[in-house]
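A.B. asks: Listed below, chain by chain, are the residues.
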Amino acid sequence: MTQSVLTSSPGRRARRTAWAGRTMLTPVLLAIAIVAIYPLGYLVASAFSESSLGRPFTEWVSFANFAELLGDGVTFPSLGRSLLFAIPSTLLALVVGFIVALSLDAAVKSGRIVRVLLLLPLMTPPVMVAVIWKLMLAPTGGLLNNLGQILVPGSEPFLFLGSSPSAMISLIVVDAWQWTPFCILLLYAALQTLPSEVYEAAQVDGAGVWQTFWKITFPLILPTIATVLVLKLVVSFKVFDLVFIMTSGGPGFDTTVSSYSIYRTALQTFDVGAAAAQTIAFLVLVTIIIVPLNAVRQRLHRED
Amino acid sequence: MSQLLRGPSPDEELVTRTVVVPAARRRRTPKHRVASSTRPGRTSAGVTALKWVVIGVAIVVAVLPILYMLGMSFKSPDDILSTRILPSRLAFENWAAAFQNWPILTYLRNSILSAIIAVIVALIISIPANFAMARLRAGGKQALGLIVSAYVAPPIVAIIPLFILVRTVGLMDTVVGLGIVEGLLLTPVAVWLLDGFFRAIPHEIDEAAQIDGCGPFRTLWSVILPLTAPGIVAVSIIVFILVYNDFLIPLLLTQSDASQTLPVGIALMQGGREVMFGQMAAASLAGIIPVYLLALFAQKWLVGGLTQGSIK
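Residue numbers (the working numbering), protein chains in the order written: chain A, 1 to 304; chain B, 1 to 312.
Since the hints were made in silico from the structure, they are not lab data.
Built from N, CA and C at the ideal position, the CB exists for glycine as well.
Treat the hints with care, since some could be wrong.
A few chain B residues that face chain A, going by a derived Cβ cut-off under 10 Å, partial list only [to be verified]:
1) Ile80
2) Leu146
3) Pro154
4) Met172
Just chain A, same shape as in the assembly (with noise of 0.2 Å):
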């Protein structure tokens, strides 16, 4: 039997394989169908024609829809405010998570612990997220205005969401305290895998604290910096819980980034051709960003 298997079908069995290989990818390549390429071609159809969410498609508009966007002073403030969110958030806690992560291994005994309240934030649903620190933040019964009111008695409270800049700032601050968990998870994993041979021999070398960390430790870690940096990048461009519930976009329009844009012109006003031409500007930054980036992070892999 294991001979007949052995000599007489290595095509058959190839054939076989490559079937069965083509039925497997099969669902999954519908499942991007409906999720990734039928959305974006719809996309694409609604962003040249006049739509709306019950009448799609009713007349061709050409690029009129691209050309409202240049005049409708919404769309690119937006897509600023989204870079404007994203970089500062994803530096914030990248820095902040991998200061940690270094840190970590002093507690490596009572790792579990401190690794369940440390991951308590990433844990948190955004909304949650949003209602706690719109609570702490809050002008009367927030914690840090009452902590103004004990230290200085009788002084204005500092709306932390209603005035300019602080109301990105402080959306900037909560993303960074939901995700620095995050950094820190992936980090301390890859710092854990860097080689003590190394460190050894550094320290026959005589080398101190900081000569090993910028000569060891951050060239070996910085591939998986580079990877933590677009993950992050990429949630950060999804943004959208935490300014419906904290500031709804405003003061103003000083939270309003593209996603939170997007959504008000698609299913506040049901304005559909203009909402899909704003994705289409969206996603051209998302991926001017993105692509760029990780091709650095795949060479610094493969230098590696």
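Use these hints to put chain B onto chain A, whose structure you have.
C.D. replies: Showing chain B alone in chain A's frame:
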């Protein structure tokens, strides 16, 4: 590839050691830990003290807002309007009022049910795909990247088309429709996270199965599936939490209390009045507790799944 793939971290070992070569790995784990804690150049007392300060501050920053929320849920309206930081008495009426004013248990049921449906949908689609790509070398080298790239686009991109699609097939405002759409949306993440687990198994195992006369489908079912079970559990937990925590898609696809999830319910109950703070805190905590319990009991799987899958 990253240095991560050179050697598994302790967390990955927790997950993979039971799979590959149990005894050898288990023996090595403690040594690895000792080595990292006594790493040369990192042992001076000053540096260790500084590290503890960083850890301490990080824990306080991570936990304080959550504790403040807990305190808030027990504050009476008078306490909230005063500048007290801790409640003067435990006002349990916030909790009672929250459960009375809003259908929190229904929201919770919808959240959990849609998350379970999504996990099932994502796994049924991704497991064969991962097997085909990692073990049968189907789809070529670019397949994984193409699948994952579907997740890079912000979900806001798909809201209008998905809204239309779900309405057309008659699943608007149903938990089942929400679960299926979430499952499809998270399939790329599941494929991406599972890839590492499917590739970690030595190829001799497939060959042995083949020699024993197993076709691809049986190899998947009775050989590879048991071996990747830890990874599948980890990815199930991650997908569950992602769906449970999501807001945009349920906001889009549900309209009535009967199908809305807890984050949507809480987001829409915002009165913003100070007197409501206590009730909102209680309602939010009711929604947070299930994820925290899951995080606590499934921490090992969760950490293993995230680190094994996402760094490569």
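A.B. asks: It remains to establish, for every hint, whether it holds in the given structure.
C.D. replies: Right, here's what the structure says about each hint:
At a threshold of 10 Å, the smallest CB-CB gap from Ile80 of chain B to chain A is about 4 Å, leaving the interface hint in force. Because the closest C-beta pair between Leu146 of chain B and chain A is about 8 Å apart, less than 10 Å, the hint holds. The interface hint given for Pro154 of chain B is met, as the beta carbon of that residue sits about 5 Å from the closest beta carbon of chain A, less than 10 Å. Given the 10 Å rule on beta carbons, the hint for Met172 of chain B is violated: about 12 Å separates it from the nearest Cβ of chain A.
Consistency with the previously given hints fails for number 4 only.
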